[in-house]
Structures are given as C-alpha cells and as structure tokens.
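A.B. asks: Chain residues, written in single-letter form:
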Amino acid sequence: MRSEPKSSAETIVEVQNLAKQFGAFKAVAGISFAVRRGEIFGFLGPNGAGKSTTIRMLCGLLAPTSGSGRVAGFDIVREAEKIKTRIGYMSQKFSLYDELTVEENIDFYSGIYRLAKGKKIERKEWVLTMAGLRDHRNARTAELSGGWKQRLALGCAVLHEPPVLFLDEPTSGVDPNSRRQFWDLIYELSAHGVTVFVTTHYMEESEYCDRLGVIYRGELIALGTPRALKTEHMQEAVLEIECERPNDAMELVERLPEIKEAALFGKGLHAVARSADATPAIKAIQAALSGTGFHATKVERITPTLEDVFVSLIEARDRAEAPQTEVLR
Amino acid sequence: MKLRRLWAVARKESLHVRRDPRSLVLALGIPMLMLLMFGYALTLDVDHVPFVVWDQSGTPQSRDLLARFTASRYFDFRGAVGNYRGLEQAIDRRDADLGLIIPPEFARDLDAGRAAALQAVLDGSDSNTASIILGYTQGIATGYNQGVMLAQIRRATGTSPPTALDLRTRIWFNPDLESRNFIVPGIMAVIMGLIAALLTSLTIAREWERGTMEQLISTPVRPAELILGKLLPYLGIGMLDMVIAVLMAVFLFHVPLRGSIALLFFVAGVFMVGTLAQGILISTLARQQLLASQVAMISTFLPAFLLSGFAFAIGNMPAAVQVITYIVPARYFVAFVKGIFLRGVGVSTLWPEILFLVVFALVVAGASIVFTAKKLR
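Residue numbers (the numbering used here), protein chains in the order written: chain A, 1 to 329; chain B, 1001 to 1377.
What the hints contain is simulated information worked out from the structure, not anything from laboratory work.
Just to be clear, a hint being listed does not mean it is correct.
Cut-off 30 Å, straight-line C-alpha distance, at most; resulting in silico cross-link-like pairs (DSBU-like, lysine-lysine) [to be verified]: (1) K119(A) <-> K1002(B); (2) K124(A) <-> K1002(B); (3) K1375(B) <-> K26(A); (4) K1002(B) <-> K26(A); (5) K117(A) <-> K1002(B); (6) K260(A) <-> K1374(B); (7) K1002(B) <-> K120(A); (8) K1374(B) <-> K119(A); (9) K1374(B) <-> K124(A); (10) K1375(B) <-> K120(A); (11) K1374(B) <-> K267(A); (12) K1375(B) <-> K267(A); (13) K1002(B) <-> K82(A); (14) K93(A) <-> K1375(B); (15) K1374(B) <-> K230(A); (16) K1375(B) <-> K124(A).
Take these sequences, add in the hints, and give me the full structure.
C.D. replies: Dropping the structure here:
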C-alpha cells in the first residue's frame, strides 16, 4: 500500500512499562514489547486481561497512567492526534452507522480522512470489492450480516492506507467461514507492508500471527512466535489420550503423581507430564486406565498446541500468585 | 479546521435526520403544537366574566344598574338567584365568578338621595382574575355614580359642570392591549430555545452510547470540525422552525410584525447557534442520551419560561432573581423578538440584546469545542 521502505528490523510500535489503572483496578500492569514493520502481531488473552485497554492506549484513545510508547514514530502521550493520521482502528464493537448505507459510511470516512477526489472513488471501489459488497452498496448497514459488517468496518479503517492497523477482536461473533475470509484480508494487507496489531481470544487465530504476546491479568506473560511458544514455553511433555468416558478418565489421570495437569481436548484428553521425558507418564497413564474399562486406544506424546501452552502458562501464573496472596492475608 | 471534514460530518448528520423521520416530525411538530397551545390557551385577558344576581329590589332602578353589567363585553349574565344560598352555590360550582346582591331598599335609598348599597361577591381563588374583575366592577360603579351626580347637578343648575381633568390615553405597540400580541412573540423565543437544545443534546451522547464515537475519535477529525459539522443540519431545522413560527404568529394569531424580517432571522440564527451549542455541550459532558436530554430540557425551558420576561415581568421579581435573569439568553431573545414584532425597532435600539446573544453563541460554541475530548474515560 504505502511506498515506505520495508525493513524487517524496523520497529513501528514499541512500549515500555505501559500501565493503566482504573480506580483501584490495574487493567494493564506495566508491559513492554515491540512490533516490527509489516508484522502480524497477535495479542492473546482471556476477556478482561487488558487487551482492549492496551490497544486503546496505542491508538491514542486512552491516556496511560504511566509508562511510554511510540506508534509510527509518534509518542502515544504527547502526539496522540498525530498517531491518529497514521493508523486504522477497528474497535471490538461494530462502530459504523447502522442507519447509513454501505456507500454513505464509506463516503463519510473518506471525507473524514480527506481523500482526494480520484483516490476517493478508487478506494471506495476497492473497499466494496474487498468486502464483497459491490451489489449491496445501497443497503442499510444494519441489514448486513456479521461478516459483511466486519469487512466493511475493516475497509473504512484502511481507506486512508494507514501503515499500522489495530484490530480489537475483529472476528468475535462472526461465523468460521467469514473469520477465515477476514484473515485472508489481513494477510493481504500485511503482504503490502501494513503492520497489523490484532487482539483475539481464538486459539486458531493466534496461529495465523507472526508473533504473539500472551496477556493475562494485565501482564505480558509470554512473547514469541507461535512456534517458539509451543517449544520454548512448554518444556514438559504433552500427551494425547484417546479413550472412553474422558471426563472420568481426566479425574483419574490428574491424580497421578507423574502428571501435572490434564484437560479435555476434542474427544479425548491432553495431559501435561511433570518432566520432559514422556515415558514414565505414559506408563502411569496406561496402568491407571487399563483395569477400569476406559479402553484407551492411544496414549502418546504430541507437539503441544497453542491452547496447551496457553492453559499451562495461565495455570503456572495462577499457581505462582496463589502463595503471595496467601502471605498477604 | 478543514472544511472537507466539517462537511462530511454535516452530511452524515443530515442523513441521520432524514433516516429518522419521527424525530424530524417531532422537531417540526412540537414547536407548532406548543405555539398553538400557548397562543390560544395562555391568554391573560379577562372578559366575559360570568355573574349572577340576587335582585331583592326588583325595581326599574335595579334593572337599570344590571343593564350596565349585561351591556358590557366584560360581563356575561348567567341568571338571577332567589336567595343568598343560590348565589353561594353558583360561585362554588364556578358557574359565576361574580355575584351581585341588590338589597330591597335599593330604589328607596336612591330616590331619597342616600347611598344605595350594592354588594359584590368575588371568587378570589384566582387572585389575578379577581382583581381584574374588581376593577371592571368598580369602573361600572363609578360610571353609575357619575351619571347620577351629573343628572342631579343638571337638575339643580340647568347646566353641565365643567370637566376638570380630560385624560386622553394612547396605548402604543399594542393598542387593543391584547395579551396574545405580547405572549406569542415571547413564547416563540422560549420554544426556539427549547427545541434547539433538545435537537443537539442527543447527537454526541448517541455516538458515545452506540460506540461510533470510539471509531470517530480514532480518526484525525478535530473537535471544531465535529461540533460545527453537527451543528449545521440542526441550524437548518431550527431556522425552518423559526419560519413556521413567524408565519403562525403573523397569519394565525395576527400579531403585527413591524420590524425588519431580515434582522429577525439573522438574530434568531445567532440565538439558535448558541442554544444548539448548549445542547452539544451538555451532550458532550453527559455522554448519555437520557441524561443529556433531561438536562437540556431543564436548563433551557425553565429559565426561558420563568426568567425571560416572556409572560412574567422581570421588574416584579425579587432583586436576586432579577440578577439571574441577566445570564438567561432567552431574556435577550424575548426582548429582541418583542422589539422587532411589536415595537418595530432596529439595531440602534436592540444592539445590547444582539451583542449578548452573539457573545453567548461564541462562548458556548467555544466551550463545546474545548470540552470535546478525543479520549475515552
């Protein structure tokens, strides 16, 4: 899109000790990270972890309580209005005008971004094509399906071809097919050099990101490529178990001394061993499930999924924090 | 400030109005309805006062006195009663506001040259109306006394006595003293203020409630572009309301329009900008539609209705309240509209009012721009 030099090492978003406090509630508790130009950077975390608060501070919509940051070369505290000319933002809630038509919404935002006349027509056609709304340009936005609304909102957010795009849970409430289409668009933008900062709580979506930050209770608890997260943050062996009555089996497996934790996964179970060596854990599970009619058809070591990593990271965090609160009391 | 962005906001806002015909109907219908209601119902004139009589005299003299009441357009004869109880009931039931009691010795006293008693019983529950009725009754009594006196002097001297004081009144601006002439221009000003603030009080709060504001503040749009862009379409609606109100005043209520129509609309526009901006300011600070519309209503209608001098003379208010009226923009607009309509005066007389309205518009519009923070809370 923009003809700016594309250098993979160039940092376009960076924050240091960024924090936001609402009254007594620490929404974001001092996080630091950097995003490189052209990257798809995912922010993964459960609801209320501080994803939206972070993205709003980066867009200049919310003043941080402390810490600093730069987006597209501008300071997020002092130059928020300059940042706004260089970014596209899509909030969690659909935020175009329902009673306006598709075309009127696009026209409104191209007016706000002051696109030149020729550019305005070109970009409008681009958005309509991209969103698949060529035949619905005169439809009221309220009548569009979720997927269409999302693509239209994306289109309006990138009308002015911003180098950085912030998407706050862009695909929540959208069917899987539309979600897939939406990610194709994100890839396309990224291929043109746009940096995409996206928050999500969908595991499969985070696999699409170049790099991931895992945020939990306002803190960044892991940062890296999906691959690195799966290998580096997960030293213990992960086992997949296929058996009957997985619910009951889970209770049994969880109590084994060789097993750290177990969780339902698909039709079976995933269990995390206490060590990197899977053999003792496999033996223990097979022994435990043999006599009781679970008909375990498969107990073997697998590469952990992001969900395994995510669950394990969060549980480790909870365990680390529990003694502290104990002491405080 | 970029006109392109201002224009985009104005266009979008007018689309909202067009897509919501109900609000447009309300914006144009409410002023008409209120003007009709106040124009017809809120009259301070008292005439056709219903009255009953307990005539115990039943003589040509008592009937002559009664004829003076029935002949006046200020009184409506509602019948004779046979006793005091009947008169009481007529007033209790509100069939009559006035009861006259003529005693049996009325004609005898009159003929003997003694003062003949006439009792008037008034319903004082509406003190203002009662004092006006009292004035009318005293007027008739005075006229009657004068007639009797003149007749006696003429009989005794054969000539009419010279008149000592010849009072010639001339009432300017509203010669018939029709209260409608004075209420309609006033209520026009009150309604315009209310409607203007109500129209805009929802605009910013609605964007906050729907989440569209979050998108808008992530763009480079400037507060001034946003506020002025939103103001423009509503100024159009407000001026349309003003045209309707002026037409109704002139053609329906026959209020004389003596001053410059161009000046009337120019200053109405200035007043409207100030009040529309007041609505936007409230909307910006409240960020909730319900709260914003209530604050807008109370902060415009109450002072405009009570403190603008549109119906209640400011000079009669306690000094502390009079001081407050100086910051009520409606006070200046009411004075201006009455000046244009009834007195036909221009800028040379009305400049203080115009100046205040200009300053008010600038200050409030400025404040609404300053308080439009492009930040979430």
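A.B. asks: Now look at each hint and say whether the structure bears it out.
C.D. replies: For each hint, the structure was consulted:
Restraint check: the Cα-Cα separation between K119(A) and K1002(B) comes to about 18 Å, which is no more than 30 Å; the hinted pair holds. Under the criterion of a C-alpha separation no larger than 30 Å, the hint pairing K124(A) with K1002(B) is consistent with the structure, at around 21 Å. Restraint check for K1375(B) and K26(A): satisfied, since their Cα atoms lie roughly 19 Å apart, inside the 30 Å limit. With a C-alpha separation of about 39 Å, the suggested pair K1002(B) and K26(A) falls outside the 30 Å cut-off, and the hint is violated.
Restraint check for K117(A) and K1002(B): satisfied, since their Cα atoms lie roughly 15 Å apart, inside the 30 Å limit. A hinted pair counts as satisfied when its Cα atoms are at most 30 Å apart, and K260(A) with K1374(B) does not qualify at roughly 49 Å. Distance check on the hinted pair: K1002(B) and K120(A) sit about 17 Å apart at the alpha-carbon level, within 30 Å; holds. For a cut-off of 30 Å, the pair hint linking K1374(B) to K119(A) stands: about 27 Å separates their Cα positions.
As the CA atoms of K1374(B) and K124(A) are separated by approximately 26 Å, the hinted pair is consistent with the 30 Å bound. This hinted pair checks out: K1375(B) and K120(A) have alpha carbons roughly 28 Å apart, not beyond 30 Å. For the proposed pair K1374(B) and K267(A), the alpha carbon gap of about 49 Å is over 30 Å, so the pair is violated. Taking the CA atoms of K1375(B) and K267(A), the gap is near 47 Å; set against the 30 Å cutoff, the hint is violated.
Distance restraint check for K1002(B) and K82(A): the Cα-Cα separation of roughly 15 Å lies within the 30 Å cut-off, and the hinted pair is therefore satisfied. For the given pair, K93(A) sits about 17 Å from K1375(B) by alpha-carbon distance, which is consistent with the 30 Å threshold. Using a Cα cut-off of 30 Å, the hinted pair K1374(B) and K230(A) is violated, with the two alpha carbons roughly 40 Å apart. Note on K1375(B) and K124(A): the hinted pairing holds, with a Cα-Cα distance of about 28 Å set against a maximum of 30 Å.
Hint check: violations occur at hints 4, 6, 11, 12 and 15; the rest are consistent with the structure.
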